[in-house]
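2 protein chains.
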Amino acid sequence: MKERILAEAEQLFWKYGVRSVTMEDIARRLGISKKTIYQHFSDKQEILQQVISGKITDSETKADCLTVHATNPVEEILMVLDMMRKNSGQVSPNFLIDIQRHYPDAFALYKQHKENYIMRSILENIQKGIDQGLYRSDINPPILARLRAEQIEWAFNNDFFPTNKYDMLEVQRELMHHFVRGILTEKGFAVYNQYLNQFKHEVERVQPNA
Amino acid sequence: MKERILAEAEQLFWKYGVRSVTMEDIARRLGISKKTIYQHFSDKQEILQQVISGKITDSETKADCLTVHATNPVEEILMVLDMMRKNSGQVSPNFLIDIQRHYPDAFALYKQHKENYIMRSILENIQKGIDQGLYRSDINPPILARLRAEQIEWAFNNDFFPTNKYDMLEVQRELMHHFVRGILTEKGFAVYNQYLNQFKHEVERVQPNA
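Going line by line, the protein sequences match chains E and L. Per this note's numbering, the first sequence starts with residue -5, numbered consecutively. Per this note's numbering, the second sequence starts with residue -5, numbered consecutively.
Calculated directly from the structure, the hints in this document are not laboratory data. Watch out, some of these pointers could steer you wrong.
The list makes no distinction among identical chains, and a pair is therefore deemed to hold if it is satisfied within one copy or across any two copies.
Stated by the list, open to error - Once the Cα atoms are required to be at most 25 Å apart in a straight line, the calculated DMTMM-like pairs of lysine to aspartate or glutamate come out as:
{"#": "1", "residue 1": "108", "residue 2": "147"}
{"#": "2", "residue 1": "80", "residue 2": "161"}
{"#": "3", "residue 1": "108", "residue 2": "153"}
{"#": "4", "residue 1": "105", "residue 2": "37"}
{"#": "5", "residue 1": "38", "residue 2": "52"}
{"#": "6", "residue 1": "181", "residue 2": "132"}
{"#": "7", "residue 1": "-4", "residue 2": "18"}
{"#": "8", "residue 1": "29", "residue 2": "147"}
{"#": "9", "residue 1": "28", "residue 2": "132"}
{"#": "10", "residue 1": "181", "residue 2": "2"}
{"#": "11", "residue 1": "159", "residue 2": "118"}
{"#": "12", "residue 1": "159", "residue 2": "132"}
{"#": "13", "residue 1": "80", "residue 2": "132"}
{"#": "14", "residue 1": "108", "residue 2": "164"}
{"#": "15", "residue 1": "159", "residue 2": "-3"}
{"#": "16", "residue 1": "159", "residue 2": "109"}
{"#": "17", "residue 1": "80", "residue 2": "164"}
{"#": "18", "residue 1": "181", "residue 2": "4"}
{"#": "19", "residue 1": "105", "residue 2": "40"}
{"#": "20", "residue 1": "56", "residue 2": "109"}
I would like the entire structure built from these sequences, with the hints used as guidance.
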């Protein structure tokens, strides 16, 4: 039952944000009583914390798997973007805005994930890229890792990119590609362009059937 | 007298930040009484507002002048970086941290400058670069202009780049060069590398006499 509650809450949060979803809503959708929910969770805040922390574990597992399968750091970073696209495609901007503004404990979980996992992954990616001659050796990895880590959050910033004017995934894509291009060597650009072409063909192959 | 007070206050603010500088300090340095200062300004806040707004006008004038003299958008963006280096070299991080945290009215002046002047200048630079084939035509100018405008502030962010670990000017330099590289075409890279070499030679020429 606990897993069903979490899964249903996640769906509702993604779609409508957190503030507008009540315990009543979750119970109704599952055809159970609010009392049953309270047997497992003390309040909505607790459900949210568990949803977020499950999502973080999930995304770390997926990203680690990509890292193992990527043939080089450029491919790796493009695969992570693709993963973000697939993962956050269904997430309403309301959800992300709610978390940042009204649920500091949940946002703290993300911040922790950013400071530990995300920062470390980016630094490792940059170091590998430099070692393989794909990224410039004259860059400052900690400064650029911080840039990249903050950019991910930025795309969700409603002051910078109001959701009525910008598409969040387009902002993520633009910032990520700009980030990669800013660190590539000539050899790196060759690899990058190759992946871009490959990716474009895939899009072209998919579209006629979409 | 008003100009002397502003000039002296500016020097003190730059060096020690705003919070730790008193009206007493400013009067003492000028060899005048606090009463004389109060004939011109109602409080420290008013002095600060006039210092900041003078500085903003000054930097807009200088940047406009660079834009007129730059032979292309790549040179222009590198000249602006050089101007920032010269202008903010003497500014203590305390000053910038004080403004952001404790003087919202002064910070609002900067924000206004950013939203109007800085954003417009960057967008114009990007558009010129695209028109001249130096910047990629597949970039999204408003998203990247926002990225660049926020980066300037970022370098002063003590949470991201603590002043005991990072040199503010080095952060500015790294972010600016990364930004430019991320938008250059092959033709743009040729121009960029040429300026880098030129600039390196200048540094080499200057250092032995420094």
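- prompt: Between residue 38 and residue 52, at a C-alpha cutoff of 25 Å, which is it: within one copy, between copies, both, or neither?
  reply: within (21 Å within a copy, 53 Å between copies)
- prompt: Quick one: residue 181 to residue 2, C-alpha cut-off 25 Å, is that within a copy, between copies, both, or neither?
  reply: Classified as neither: same-chain Cα gap 47 Å, cross-chain 53 Å, threshold 25 Å.
query: Given identical chains, is residue 29 near residue 147, meaning Cα to Cα at most 25 Å, within a copy, between copies, both, or neither?
result: Answer is neither: 36 Å inside a copy and 49 Å across each miss the 25 Å cutoff.
task: First find the shortest C-alpha distance between residue 80 and residue 164 inside one copy, then the shortest across copies, and answer within, between, both or neither for a cut-off of 25 Å.
output: Close inside one copy (13 Å), not across copies (36 Å); limit 25 Å.
- request: Evaluate residue 181 and residue 132 at a C-alpha cut-off of 25 Å and name the case that applies: within, between, both or neither.
  value: This pair counts as both: shortest intra-copy Cα distance 15 Å, inter-copy 21 Å.
task: First find the shortest C-alpha distance between residue 181 and residue 4 inside one copy, then the shortest across copies, and answer within, between, both or neither for a cut-off of 25 Å.
output: Classified as neither; 43 Å inside a copy, 48 Å across copies.
- request: Please work out whether the CA atoms of residue 159 and residue 118 approach to 25 Å or closer within one copy, between two copies, in both situations, or in neither?
  value: Between copies only: 20 Å across, 34 Å inside.
message: If the cut is 25 Å between Cα atoms, do residue 28 and residue 132 qualify within a copy, between copies, both or neither?
response: neither (58 Å within a copy, 52 Å between copies)
task: Measure nothing new, just compare the shortest in-copy and cross-copy C-alpha distances for residue 105 and residue 37 to 25 Å and report within, between, both or neither.
output: Answer is within; shortest intra-copy Cα gap is 22 Å, inter-copy 39 Å.
task: Give the relationship of residue 108 and residue 164 under a CA distance limit of 25 Å: within one copy only, between copies only, both, or neither.
output: So residue 108 and residue 164 pass the 25 Å test inside a copy (21 Å) and across (23 Å) alike.
task: With 25 Å as the alpha-carbon cut-off, assign the pair residue 159 and residue 109 to within, between, both or neither.
output: between (30 Å within a copy, 16 Å between copies)
- request: Could you figure out if residue 80 and residue 161 sit no more than 25 Å apart (CA to CA) within one copy, between two copies, both or neither?
  value: Close inside one copy (14 Å), not across copies (38 Å); limit 25 Å.
In this structure, the earlier hints numbered 8, 9, 10, 15 and 18 are contradicted, and the remaining ones agree with it.
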